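Q: Model the full structure from these sequences, guided by the hints.
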Amino acid sequence: MSGAAVVARKGFGTHAKHALLLVGFSGLLFYVTRAVPDMHGGLWTIAAIGFLLLAGTLTSELLGPLGLPHLTGYLLAGIASGPYLLRLVDEHTVKSLSPINTLALSLIALTGGAELDMAAMRRASRSLAWATLVQCFLVLALVTAVFCAARPLIPFARALPVAPLFGVALLWGALAVTRSPSATLGILSQTRASGPLATFTLAFVMVSDIVVVVLLAAVFACVRPLLDPAASFSFDSFVKLGHDLFGSIALGTTLGLIIAAYLRLVNRQMLVVLLVLGFGASTVLDYLQFDSLLTFMVAGFIVRNMSKQGHKLVQYIEQTGTVVYVVFFATAGADLDVPLLRQLWPVALLLAGSRAIISFAGSRIAGRLANDPPVLRRWAWSGLVSQAGLALGLAVIVAREFPAIGTGFRALAIATVAVNEMVGPILFKLALDRSGETSRIRAPSFPSMPPPPMPG
Amino acid sequence: MNAVLLLVGLLVLSYLGSFLVGGRTVRGAGLPSGVEYVALGFVLGPQALDLVGGDMLASFEPVVQVALGWLAFAVGLDFGYAGERRARAGNIALATLSALLTGGAVAGATWLVVRRFHVGATVTEQLLLAGGVGVACSETTRHAVRWVVDRHSARGPLAEQLNDIANTDDLLPLLAVAVLFSLSPATNIPMKLPLVEWPAITVGLGLLLGAGAALLVRSELKLDETWAILFGVSLIAIGTTARLGLSTLAASFFAGLAVSLLSRHGKELRAMVAPTERPVLLPALLLAGAHLSFHDNPRLPWIAGIAIAARFAAKIVFGWLLAAISPSARKAGGLMGLSLMSSGALAMSIGLAFALRFPGMLGDTVLVVAALSATVGEFVGPARLRVALKRAGEMDDSPPAAPTPQRAPA
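Heads up: the sequence lines are chains A and B, in that order.
Counted the way this note's numbering counts, the first sequence spans residues 1 to 456.
Counted the way this note's numbering counts, the second sequence spans residues 1001 to 1410.
By construction, these hints were calculated from the structure, which means they are not laboratory data.
None of the values given here were measured: they were computed from a predicted structure.
Honestly, I wouldn't trust all of these hints.
Below are the DSSO-like pairs computed for lysine-lysine, each with C-alpha atoms no more than 27 angstroms apart in a straight line [said to hold, decoys possible]:
1. A:K17 - B:K1222
2. B:K1222 - A:K312
3. B:K1192 - B:K1222
4. B:K1390 - B:K1331
5. A:K17 - B:K1267
A: Here's what the structure looks like:
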């Protein structure tokens, strides 16, 4: 491989060529989808994956000069080709891509865990502790308050009496606490950033993933009597939570030790091993009703911190995971309900904006309390804006548990998460670029390619 | 069996398959045609143990289509090369002649049986059956010659020539598949086009997509982006042709060929894709075995017997033709042509593609004949190849070489 060379800028001609080819490929699929009715839905899924992969890759390349993250390109490609715009990928196809999402989430969690270095976490423990405490409770409290204040703008909340309104607002506050490990890792994978901001954000997002699960159990227990007068406060959900957490951690530890042993003793064909883990282990974990994200995260953490194989694991996932990430985020884009967003955008913007501002304020307060370095005080909030799968998963659970408000809550959550999903990665990449943590080492390309010119 | 379990099983098989080949190096384990995996698939499939039922096989059609398309893409990318060496133009022409002669003889013989026993409801169906059997029997598997040559360290003009022929005889069969699939256009297509235009569309679509991919990978892309483009284009070719009812194999082959011809990074791309071939092939062979059905056509023994006999005859005749123009082939004896009897990956892929596109008697017959032909070829081809190479003085009597050490993990 060409090794470490300096980032080269692609010329206008290359971008024009990519744009033309993207239009050409889109035109071909547009014609085929319009001219020939689909008789075998499953087979068109193949073309859809191919197109999302290609379009995501090319769009992210085209957006490169604007400084936008690749992830935004993947999302935009998905939105454009999805069921609400070009309809190259229909709703059925988007749903049939769920196994890819399972695989991607497993890889994301595994990478996230493997990126968490115990020593670095110990050094940042003070910052992490204050940030977790402040971000959880400040966001929960203030977003709940904003939701209550914005009641007249929220269709399903207008008619609610005070107690149920507070319950729904608390659920919204809990939803606002969730972050996006996938977006964080997507940006870090693209920028290959290293430094205090990258380390802190990753550690915070992964830790908050566990904290949020506990917080949600508490909020659910408190909210249930407010929304359902027949229900009473119960600790049952904590018992189940304990079972989930300990089971997931135990299984994750075992899995991590097995992966570490495999990497040390065999160290071959990790692509197939990762596929088996992504599909097979996720199914087993679903069956056992354990949290697969937590399990994979713990597995990655064990490989990183209890063996010398962590860097190998991250390298393998980076090599094989990019393709899966493109499809994952492009599918998320295709799944975005554009008409719903068009309908709810003012309130979604208000709630997303207030959450971002509160996260910013929380970050400043936590930074001061922990005596963080200036780069964290200035930029730590930027990685906390993104939201994605976890928030949407929570919205689905709320809709299932509280059917009376479920539909409206889920629709608003989808619209708000869409805003955060689009804006968050841009902010985080901007912060990494501005703080100088973005790597200037170029990713490997073909050996026969000429080395890119040195800048300046 | 649970679908995820089957998928994991296929992945494990793929994992094992990856140990048989490291880079371009055959390790010498397993049979060159891979018929043992076909047999395993048959045993697990609905006709035997029924661990993999018919419904599950149907739900795995997209996986099979992707495997077949990717294999054809890899074959197209590697077309014209024998390992890392470019095949001689004369040998490519001979390979095409070999495929034409063998495929034509088998198709002709099958046609006579089909007409004699009135197999198939329409003339189109009879044409598809005869043509499908002919095409599935026309190739010589690349792995067989490499297997013998690598394992016995055979070196010389005959070994090189046979290797070239086995590596480059895929063009005509895949073109023929494109033509045959066009004989029966999919019912969901509203356009009515002349017969000749459908194969042209298949080939054109493959070349167009491949040219697009070649243009993209000409730019300075990272490796993961290159993978994304190759996968993306290959999947678009597979999905689009499947929707149009055209041949996935042919379109993917021509896409791979276009990438190889038009990209300046052909060597690297071939090195990238080659190690994926075996891991994809083994699950595809297993699923092909699970699709085997011997009950749909009462005339199957006749068709299979005549087709295999015609294949024997055609290979012997081709051997004579080769002997007439090549001194090293002359030294190998009159039955030298039988050393090209091995068939495998492509033959089974063609059979499986027919079974998926024309479910029932037609597709099942083509697949079964492809499997039987590969099995017979397994017994005859490598043994005759060793004899031929010994007679030509290109292989000594020493025991087979130990498996080649594995390369660094890809």
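Q: Take the hints in turn and mark each one as holding or not.
A: Right, here's what the structure says about each hint:
Among the hinted pairs, K17 of chain A with K1222 of chain B is consistent with the structure: their alpha-carbon atoms are about 17 angstroms apart, no more than 27 angstroms. For a cut-off of 27 angstroms, the pair hint linking K1222 of chain B to K312 of chain A stands: about 19 angstroms separates their Cα positions. For the given pair, K1192 of chain B sits about 43 angstroms from K1222 of chain B by alpha-carbon distance, which is inconsistent with the 27 angstroms threshold. At most 27 angstroms may separate the alpha-carbon atoms for a hinted pair to count; K1390 of chain B and K1331 of chain B meet this at roughly 10 angstroms.
The suggested pairing of K17 of chain A with K1267 of chain B holds, with an alpha-carbon distance near 23 angstroms, which does not exceed 27 angstroms.
Hint compliance for this structure: hint 3 alone is broken.
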